[in-house]
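With chain A fixed as given, assemble chain B with the ligands onto it according to the hints.
Those sequence lines, one after another, are chains A and B. For the first sequence, numbering that gives the first Met the number 0 gives the first residue as 0, with consecutive numbering after it. For the second sequence, numbering that gives the first Met the number 0 gives the first residue as 0, with consecutive numbering after it.
Hints may contain errors.
What the hints assert, rightly or not - A short, non-exhaustive set of chain A residues, derived as facing chain B with CB atoms under 8 Å:
hint, residue
1, VAL10
2, ALA12
3, GLY13
4, VAL16
5, LEU17
6, GLU21
7, GLN25
8, GLU27
9, GLY29
10, LEU30
11, VAL34
12, GLY50
13, ALA51
14, PRO54
15, SER55
Rather than coming from a laboratory, the hints here were simulated on the basis of the structure. Beta carbons are placed, not taken as given, at the ideal position from N, Cα and C, and that holds for glycine.
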Amino acid sequence: MRITVDPDRCVGAGQCVLSAPEVFDQDEDGLVTLVGAGPGAAKESSVRLAGALCPSQAITVHED
Amino acid sequence: MTQSAPQVVDFPLRSPSVPFPPPGYADYRGQEGLVPSRLPNGERVWLVTRHEDVRAVLTNPKISSNPEHKGFPNVGESLGVPKQAQIPGWFVGLDSPEHDRFRKALIPEFTVRRVREMRPAIELTVQARLDAMLAAGDSADLVADFALPIPSLVISSLLGVPPTDREFFESRTRTLVAIRASTDQQRQAASKDLLRYIGRLVEIKGKWPGDDLVSRLLATGSIAPHELSGVLMLLLIAGHETTANNIALGVLTLLTNPQWIGDDRVVEETLRFHSVADLVSLRVAVEDVEISGQLVRAGEGIVPLVAAANHDENSFECPHMFDPSRSARHHVAFGYGVHQCLGQNLVRVEMEIAYRKLFERIPDLRLAVPAEGLAYKHDGVVHGLHELPVRW
Ligand code: HEM
Ligand code: SF4
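Same shape as in the complex, but just chain A (with noise of 0.2 Å):
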């Protein structure tokens, strides 16, 4: 499994880091930003949830 954000899209709602704060942060400017050691940090149903819960489709989980 691969994560790739794209912060200009996100709209900073939060979802991501309520899902998986492991994987997720929001930097200074609020926007989403990937910490740690990656998806294998955090189970890899949160992070899907996360995805499926970003409004702003700033989050897209690779399945490769």
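Below, chain B with the ligands alone, put in the same frame as chain A:
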């Protein structure tokens, strides 16, 4: 594309004789395409009721949030809310990219981390309200004495309103939402008072900046002072009654389902179950667009009903059950897309603290009237309770 002309239904205004969400929503969800509806003023709009379709509408770039567009649903008028000109900075009514300048400037103020830092202050606010309630006797109206003051006090401290002015601020915000107890005139006067106060606040923070949201936003330079007043009014209005009604409805639900008291998952399920902002995310097509197989022409109004979407059987198992153990976070109680509620993480914390502290301090809290007799705000834009009489 749907060919047969489906029946045009009356717009689902709430009424004292119909439970909320209206049972009719289930029929609408079962219909193909979108549901054509007529507002009391004769305007035609499309109702959107399935979870998937509501998300599709709220992320479609051919669909606008701007009430200045011809065909924008005038739902407020049907509820007796006079139509007002857009004020500068009211960015919930702007589309990208104009909208994004405001949103981007505000995001840092509402991050998960920032809201976590506000927790101790919110706890103190809630404690103080509970102290006052307990000191006043053995009964209260939980709407007026608890649910309404909490978000007002939280927002005023967020905006940097000095403690000495919080009572002024609270009384004016209370008048704004007391649709039964105040007249149109009183509400307009309260709104003017608040706008004037906020304008002065912006001026003062411009001269003597402090460590608060207004000073920081001014320092970014991306929002002009006259726009900032509109932004602050939006924060106040968007975050007051919505939060208060969720607090009061959540407490009512807990009083009738006490097995969930003390479980923080109640917050998300309350947001879904009650969906107070059912008539909030209004839209208009600015180009011809197809939604759920239905052609919507440019200039036609669209009303995504979030309570219908949040009770969609295809997205939530047994949606009519209040079940905090479900995973409910894909609800659209905060909308979806670029306008999804900016204050959502703040609200989650406010609701959690309000429920927890209330039942910790007053474990024998109970309804003072039968639940069947409670009056709902069927006459307001945001669903909620007029009063919630309790005793202990
Ligand atoms: C439970 C309480 C709340 C509910 C149910 C709620 C609901 C909503 C909904 C449905 C929207 C989307 C409107 C649309 O799509 O046109 C929205 C937007 C917004 N809300 Fe909330 N809200 C709540 C509390 C708050 C609070 C506490 C604040 C701030 C202090 C706030 C600030 C905003 C703002 C600024 C927007 C506009 C965002 C934008 O256009 O980008 N809300 N809210
Ligand atoms: S959920 Fe999406 S919009 Fe919200 S902070 Fe994360 S990436 Fe940004």
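Original post:
Honestly, which of those hints from before does the structure not fit?
Top reply: 6, 11 and 12
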